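Sequences are here, hints too, so could you generate the full structure?
Residue numbers for the sequence shown follow the numbering used here, beginning at 129 and rising by one.
Derived from the structure by calculation, the hints contain no laboratory data.
Please note that a few of the clues may not be correct.
Unchecked claim - Straight-line C-alpha distance at most 25 Å; calculated DMTMM-like pairs for lysine to aspartate or glutamate: (1) Lys296 / Asp362; (2) Lys296 / Asp361; (3) Lys296 / Asp237.
Fair warning: this is a prediction, and the values are worked out from it, not measured in the lab.
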Amino acid sequence: MTDTTAGRFTGRTIIVTGAGSGIGRATATRIANEGGRVIGTDVVAERLDALRTELDGLDLETVVGDVTAPETIAAILAAAGDRVDGLANVAGIMDAFLPPSEVDDATWDRVFSVNVTGPMRLTRAVLPLMIAAGRGVVVNVASEAALRASAAGAAYTASKHAIAGFTKSVAFFHGPQGIRANAVAPGAVATNIEAPMRSEYAAGRVGPIMQTTIPPVAQPEQLAAAITWLLSDDSANVNGAVLPSDGGWSVV
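Shown next, in the form of structure tokens:
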């Protein structure tokens with residue numbers, strides 16, 4: 129779907145979360161095919177096994193675990209070694225489109241744990257290596273829900289606004305140390321992320337908007353193209369940006 133650039137990541141170690149499926153898998157695959165060393169992590173071991181089989185002969189190491197868990201972050205750092213050139217925080221979960229009046233504590237806490245706290249902790253963990261090297265790139269996956277309130281429920285929307293703010297904070301504080309941080313804001317993408325609508329009220333409020341404004345569903349490879357561009361030197365002058373990759377949804 130999109131042409132790869134041979135050797136673009138040669139000599140570079142890139143961590144990709146959510147690497148077992150969807151956008152994360154497409155991103156890990158593209159980086160490996162462009163010469164990079166990939167540290168791919170996912171909560172489902174079988175997905176990573178399949179990825180290893182697919183990328184046999186390329187430079188891929190996998191870590192099974194939840195990115196919110198300190199032991200998973202420690203295992204990722206151990207696999208990466210003393211060099212991390214890039215981090216793609218892709219793993220994320222939805223919130224059943226629950227509006228503020230219906231969102232429960234368990235949903236709120238879990239969505240923020242995976243979508244915000246995990247990426248923050250992993251970013252915090254790799255920043256010392258990047259700062260010591262005088263260079264590094266962080267790319268977070270935000271969402272159309274980081275740009276508007278009508279794309280998801282309250283927890284997911286708030287979490288993606290938070291990850292957009294965290295991205296800008298990393299860019300501001302660590303830009304002078306050679307670190308770039310950007311986010312991609314996808315619209316609808318063909319992945320296996322679960323997005324049930326458990327609220328009758330939300331269905332009536334969001335449903336008509338979804339039916340009339342959402343552009344065609346994108347493929348994971350289209351998002352991987354944007355993420356790898358931001359991870360590469362091709363985007364050397366881009367820092368602190370939230371890049372919509374949504375088929376034009378953000379201009380509707």
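Inset, instruction - Check each numbered hint from earlier against the structure, then list the numbers of those it violates in ascending order. - result: As far as the earlier hints go, not one is violated by this structure.
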